[in-house]
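Now for the letters of each chain:
2 protein chains.
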Amino acid sequence: MKSFEFWFDFGSTASYLAWTQLPALEAATGATAVFKPMLLGGVFQATGNQSPANIPAKGKYIFADFSRFAKRYGVEFNMNPWFPVNTLLLMRGAIALQMKGDPRFKDYCRAVFNAIWVTSLNMNDTAVASQALVRAGFDATALIALASEQATKDALKAATQTAVERGVFGAPTFFVGDQMFWGQDRMDFVKEALQKAR
Amino acid sequence: MKSFEFWFDFGSTASYLAWTQLPALEAATGATAVFKPMLLGGVFQATGNQSPANIPAKGKYIFADFSRFAKRYGVEFNMNPWFPVNTLLLMRGAIALQMKGDPRFKDYCRAVFNAIWVTSLNMNDTAVASQALVRAGFDATALIALASEQATKDALKAATQTAVERGVFGAPTFFVGDQMFWGQDRMDFVKEALQKAR
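These protein sequence lines are chains A and B, in that order. Counting with my numbering, you get residues 98 to 295 for the letters of the first sequence. Counting with my numbering, you get residues 98 to 295 for the letters of the second sequence.
Please note that a few of the clues may not be correct.
Identical copies look the same in the list; a pair holds intra-copy or inter-copy alike.
[Unchecked claim] Simulated pairs of lysine-lysine, DSS-like, Cα-Cα distance not exceeding 27 angstroms:
1. Lys250 / Lys293
2. Lys157 / Lys293
3. Lys197 / Lys168
4. Lys99 / Lys197
5. Lys155 / Lys293
6. Lys250 / Lys157
7. Lys168 / Lys288
8. Lys288 / Lys99
9. Lys250 / Lys203
10. Lys293 / Lys254
11. Lys254 / Lys203
12. Lys157 / Lys288
13. Lys197 / Lys155
14. Lys197 / Lys157
15. Lys99 / Lys168
16. Lys254 / Lys157
17. Lys293 / Lys197
18. Lys203 / Lys168
19. Lys99 / Lys293
20. Lys168 / Lys157
FYI, nobody ran anything at the bench for these hints, they're computed from the structure. A quick note: this is a predicted structure, and the numbers were derived from the prediction, not measured.
Can you make the complete structure from the sequences, with help from the hints?
Listed below in structure tokens is the structure:
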């Protein structure tokens, strides 16, 4: 069974756009996306990279760029008014569910991505995030408790460090074996790499 | 007659790759590329943006990324061992020829792009640059004198400032009317914009 890794952070606009295109990529290649939660802020700190939004001219442009891709993909996309979103708790929630093998891991990812990039919620606010998770059918209190366990914190830190060690400097980042591809705009190269892979 | 603007700096790898694809873009759209020389270093200084090569992990990746595009495009590409190239004199030469309406302006662009990104010459060295220009049929001494005139210096400075005022933060940057597109990897969007334009 072929697979590829999808390293992401919910707070990354490009990660959201890429995530919307994963089903099409999986269908076209017969490969499975292995979700790899990481903390983009930690990646930035370790590599010296930064959000394009930190450069005013780039930040202004990049929204137009993302909107063009959203239109091309035919997906909903609204710039989150609370950007940048502190995703520490949200990413911990993701890795905690994944570690437990919780079958709702992907539902959680959908709920969080959509809350930020479609519904424009202020996911910095734990109360708002809790309500969004409850609406998506989660026990928010239990999930936040799980996300706050030391083992969860350590797991996200370790995952982020692994990403950096493998050369990741931004999100999303894809791996097909050892081949790394950065950006939602490189999924055609990921597709080609998967089609060549045995 | 439809046209689009191509803002570039010879020292930008992505500008080179984009330049190789301009004929195909012109053929597909019936539009003409208007070459717009600028000094990328000046754009970086004005906007706070920087070369991806300044972030070690990004610099390492980006060469693989450019190589993938070169392969896709079927064009020669060799990373220049003297990167980053100080292109001040080279860009002044371009804008000087363009201002004079010299019919060899595009030959000059070809000679310089190829010297850096195909032949891997050290174009920081005026002697090496002169030899390359002589081989391409230019009177290098006259060209360097022209590039060093105050009017030339002012013109490049003004062009770079215009770019920044229009929102440019990197190279290459395309304009179709007021629509801005950054990167050699956005030429498909430029094509779409041109096909929609009347």
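How the hints compare with the structure:
For the homomeric pair Lys250 and Lys293, neither the shortest alpha-carbon distance inside one copy (37 angstroms) nor that between copies (50 angstroms) is at most 27 angstroms. Proximity of Lys157 and Lys293 under a CA criterion of 27 angstroms is satisfied inter-copy only: 23 angstroms between copies versus 37 angstroms inside one chain copy. Taking CA atoms no more than 27 angstroms apart as the test, Lys197 paired with Lys168 passes in neither setting, with 36 angstroms inside one copy and 42 angstroms between copies. Within a single copy, Lys99 and Lys197 get their C-alpha atoms as close as 23 angstroms, which meets the 27 angstroms cut-off; across copies the closest is 58 angstroms, which misses it.
Only between protomers do Lys155 and Lys293 lie at most 27 angstroms apart by alpha-carbon distance; the minimum there is 25 angstroms, versus 35 angstroms within a single protomer. Within a single copy, Lys250 and Lys157 get their C-alpha atoms no closer than 34 angstroms, and across copies no closer than 30 angstroms, so neither meets the 27 angstroms cut-off. Taking the shortest Cα distances, Lys168 and Lys288 sit within 27 angstroms of each other both inside one copy (21 angstroms) and across copies (16 angstroms). Proximity of Lys288 to Lys99 under the C-alpha cut-off of 27 angstroms is restricted to the intra-copy arrangement: shortest distance 12 angstroms within a copy versus 34 angstroms between copies.
For the homomeric pair Lys250 and Lys203, the shortest alpha-carbon distance inside one copy (20 angstroms) is at most 27 angstroms, but the shortest distance between copies (57 angstroms) is not. For the identical chains of this complex, Lys293 and Lys254 are neighbours neither inside a copy (33 angstroms) nor across copies (47 angstroms), given an alpha-carbon limit of 27 angstroms. For the identical chains of this complex, Lys254 and Lys203 are intra-copy neighbours only, at 21 angstroms inside a copy versus 52 angstroms across copies, given an alpha-carbon limit of 27 angstroms. Within a single copy, Lys157 and Lys288 get their C-alpha atoms only as close as 30 angstroms, which misses the 27 angstroms cut-off; across copies the closest is 22 angstroms, which meets it.
Taking identical chains as interchangeable, the C-alpha atoms of Lys197 and Lys155 are never at most 27 angstroms apart, the minima being 39 angstroms within one chain and 33 angstroms between chains. In this assembly of identical chains, the alpha carbons of Lys197 and Lys157 never lie at most 27 angstroms apart, being 40 angstroms within a copy and 35 angstroms across copies at closest. Proximity of Lys99 to Lys168 under the C-alpha cut-off of 27 angstroms is restricted to the inter-copy arrangement: shortest distance 24 angstroms between copies versus 29 angstroms within a copy. Taking CA atoms no more than 27 angstroms apart as the test, Lys254 paired with Lys157 passes between copies only; the shortest distance there is 23 angstroms, against 31 angstroms inside one copy.
Taking the shortest alpha-carbon separations for Lys293 and Lys197, neither the intra-copy value of 33 angstroms nor the inter-copy value of 50 angstroms comes in at or below 27 angstroms. In the homo-oligomer, the alpha carbons of Lys203 and Lys168 lie at most 27 angstroms apart inside one protomer (24 angstroms), although the nearest pairing across protomers, at 36 angstroms, exceeds that limit. Taking identical chains as interchangeable, the C-alpha atoms of Lys99 and Lys293 lie at most 27 angstroms apart only when both belong to the same chain, with a minimum of 11 angstroms there against 39 angstroms between chains. Taking the closest pair of Cα atoms, Lys168 and Lys157 come within 27 angstroms of each other only inside a single copy of the chain (18 angstroms); across copies the shortest separation is 31 angstroms, beyond that limit.
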